[in-house]
Amino acid sequence: MLRAPTSLLSRVHARSYATAPSPHALVFLEHRQGDLESASLSALTAASQLGGQVTGLVVGSPDEVSSVIDKAKRLQGLSTLLHSSSPQYSTLLPEAVSPLFEKLLSQNSPFTHVVSAHSSSAKSILPRVAARLDVPAVSDVTSLEHDAASGSTTFTRPIYAGNAICTVRAPSSIPIKFFTVRSTAFAAAAVEDAAEIEVKTLDPVEVSDPPTEHIGTSLTKSDRPDLGVASRVVSGGRALKNAETFQSTLYPLADALGAAVGASRAAVDAGYADNSLQVGQTGKVVAPELYMALGISGAIQHLAGMKDSKLIVAINKDPDAPIFQVADVGLVADLFEAVPEMVEKLKQ
Amino acid sequence: MRPSAVRLLNIFVPIKRAVDYAVKIRVNPEQTGIDLNVKHSMNPFDEIAVEEAVRIRERLKDAVKSIKVVTIGPPKSAETLRTALAMGADSAIHVEIPESAPAPEPLGVAKTLRALIERQKEGVDVVIMGKQAIDDDAGQTGQMLAGLLGWSQATFASKVVVDPEQKVANVTHLMVRIIHNISSHAVNFQFFEEPRYASLPNIMKAKKKPVEKLTTAELGIDLTPRLETIKVTEPPKRVGGGKVANVDELLAKLKEAGISGKHA
Chain Z
1022 MLRAPTSLLS RVHARSYATA PSPHALVFLE HRQGDLESAS LSALTAASQL
1072 GGQVTGLVVG SPDEVSSVID KAKRLQGLST LLHSSSPQYS TLLPEAVSPL
1122 FEKLLSQNSP FTHVVSAHSS SAKSILPRVA ARLDVPAVSD VTSLEHDAAS
1172 GSTTFTRPIY AGNAICTVRA PSSIPIKFFT VRSTAFAAAA VEDAAEIEVK
1222 TLDPVEVSDP PTEHIGTSLT KSDRPDLGVA SRVVSGGRAL KNAETFQSTL
1272 YPLADALGAA VGASRAAVDA GYADNSLQVG QTGKVVAPEL YMALGISGAI
1322 QHLAGMKDSK LIVAINKDPD APIFQVADVG LVADLFEAVP EMVEKLKQ
Chain G
4 MRPSAVRLLN IFVPIKRAVD YAVKIRVNPE QTGIDLNVKH SMNPFDEIAV
54 EEAVRIRERL KDAVKSIKVV TIGPPKSAET LRTALAMGAD SAIHVEIPES
104 APAPEPLGVA KTLRALIERQ KEGVDVVIMG KQAIDDDAGQ TGQMLAGLLG
154 WSQATFASKV VVDPEQKVAN VTHLMVRIIH NISSHAVNFQ FFEEPRYASL
204 PNIMKAKKKP VEKLTTAELG IDLTPRLETI KVTEPPKRVG GGKVANVDEL
254 LAKLKEAGIS GKHA
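Residue numbers (this note's numbering), protein chains in the order written: chain Z, 1022 to 1369; chain G, 4 to 267.
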């Protein structure tokens, strides 16, 4: 009936050190279509701030990995690059990938930290691995400081949808400190040409009879910049009325500015926009140079996803909309008039 | 008369009592946490999980044998369990912790849930839970539970189709469709159809549904946090820059900030 819990790894935190080991971070480097994800480059920057060695890990299908390692080994801040490929890793199912992490982290592992972007695949995989190693994890870190003498690491992270900032310390009694990084809080690590780093192949850990099978993927295709990393974002809310007016109003402005398109939860729930466009506590967190909130009231859940933007511009009919309390530039107007006028004038 | 060829599913739904999502929270003067003397309700993502469990039963009828909701929290969490029972869950377990106890960490919660699942005589086939709690925003418990149990997991699900005969669940999450073996399955939800409101008769009925009370000592679980909370502070305040009168002024402000048309 119930599957017996498979052999859980014996507690790793029984190890004790006379002095704290110097930090050695393992950074999970994610990639897509032959390119490293920029959020992983931010994770690498965060890992470098620990002040010790940093090893990168690239996992994927044989094709993907071979096209990514050339770029990955030139990343500034990496001392070693590990890569592991297997047809089983082509979709990064947590059940297939976590045994590789477990093996890497349990056999006299040199690693003191495991770092990744706060991305959806890392969020799926790393807590699973942490639990199997019997260590807690820290999510969505915005700053960190490692105390080499005591072997403890202090992190700050937003809680309550970004309405409070919590400072937590992972003491030395946690032998491997797992954390995911809010990419907008750390600059992306640079790619340099000269770096010579050690590149090692890691044998995949084949999972026979995996309990999960990937059937298919459907991606939202778009020529606009990716929402998570765009320097400008134009976002629409419930006031856009329907999917057609959402597109016909927002897209020309986004194109005129070279911006990505985002949406509030209300717009997503009402079917105006795909949920991959959602900005907020439950969607993506963005921090572009320019964030334009059009017909968005500014619920705290939405603000959680965009209030670190450099310049916030809001257009709303309601002068009392809470968005105006955070907007650097506010315009009380009917967006169906104001937005086309802006597009016109931006083109001039 | 129950069809014997179909496997009867027992569904577990862990839920959490949290500060209501609409409350504007305040950090306490001691900077140890936030002021908790405010309205609490069920974590919104957990409401979605309860709703989905009830809908799975509505679709599969007798193939779902039980829906059990579980919470780990102070005495007041009992209200949250009653809400879930009024939405359609059959029974509940309350692992009670003292009001003054620090909030348990996801790993501790996952271990408690594992202990509870292992105590169920008829076993548990599917665990459905919210993708994150809106207070700690950790988003780890479901994955940790699946890891501890060695079960399959489907995070951020937006659609779930359960086939009890084939023992398979087809889960769409983040636009990816994945098949899961149903006999070992933990799903956590991102968002879904609107959770239902409990009607008054259902609220009355929920008062009679069984709630089992347990303590962490009975389960042999230690919920002491392993991470130390040093302090909780207000985020830097963002102050609005005021309003402009028209589109021209708005564009002038953009220009001032160095933003002009297409790829400046």
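Hints were generated in silico from the structure; no laboratory data involved.
Honestly, I wouldn't trust all of these hints.
As the list claims (entries may be wrong) - Capping the alpha-carbon separation at 30 Å, the derived lysine-lysine pairs in BS3-like fashion look like this: (1) G:Lys170 x Z:Lys1305; (2) G:Lys68 x G:Lys170; (3) Z:Lys1305 x G:Lys68.
What the hints assert, rightly or not - Here are some chain G residues the structure puts well away from chain Z; computed CB gaps all over 10 Å: (4) Lys27; (5) Arg58; (6) Gln143; (7) Ala157; (8) Lys210; (9) Ile233; (10) Glu252.
Unchecked claim - Which chain Z residues stay away from chain G? Per the calculated CB distances, all over 12 Å, these: (11) Asn1129; (12) Pro1148; (13) Thr1177; (14) Lys1328.
In this text, all values refer to a predicted model and were calculated from it rather than measured experimentally.
Backbone N, C-alpha and C define an ideal beta-carbon position, used for all residues, glycine too.
Beyond 10 Å on every Cβ pair: is that true for G:Glu252 relative to chain Z?
violated, 8 Å
Hey, is G:Ala157 genuinely clear of chain Z, shortest beta carbon separation above 10 Å?
violated, 8 Å
Does the claim that Z:Asn1129 lies outside the interface with chain G hold up, using a Cβ gap greater than 12 Å?
Z:Asn1129 is indeed farther than 12 Å from all Cβ atoms of chain G, at 22 Å.
Given the hint that Z:Lys1305 pairs with G:Lys68, does the C-alpha gap stay at or below 30 Å?
Roughly 37 Å between the alpha carbons, so the hint for Z:Lys1305 and G:Lys68 is violated.
Please verify whether G:Lys68 and G:Lys170 have alpha carbons no more than 30 Å apart.
holds, 15 Å
So is Z:Pro1148 really clear of chain G, every C-beta pair being over 12 Å apart?
Nearest chain G Cβ is 4 Å from Z:Pro1148, so the label is violated.
Verdict on Z:Lys1328 as a residue remote from chain G, using beta-carbon distances over 12 Å
violated, 6 Å
Could you check that no beta carbon of chain Z comes within 10 Å of the beta carbon of G:Arg58?
holds, 17 Å
Far enough from chain G: is every CB of that chain over 12 Å from the CB of Z:Thr1177?
Z:Thr1177 not clear of chain G: closest Cβ-Cβ about 9 Å, inside 12 Å.
Beyond 10 Å from every Cβ of chain Z: is that where the Cβ of G:Lys27 lies?
Incorrect as stated: the minimum Cβ-Cβ distance to chain Z is 7 Å, not above 10 Å.
A cut-off of 10 Å on Cβ-Cβ distance, and G:Gln143 was said to be off the interface with chain Z. Does that hold?
Non-interface label on G:Gln143 violated, nearest chain Z Cβ at 4 Å vs cutoff 10 Å.
Is it true that the CA of G:Lys170 sits at most 30 Å from the CA of Z:Lys1305?
violated, 34 Å
Violated hints, in rising order: 1, 3, 4, 6, 7, 9, 10, 12, 13, 14; the structure is consistent with all others.
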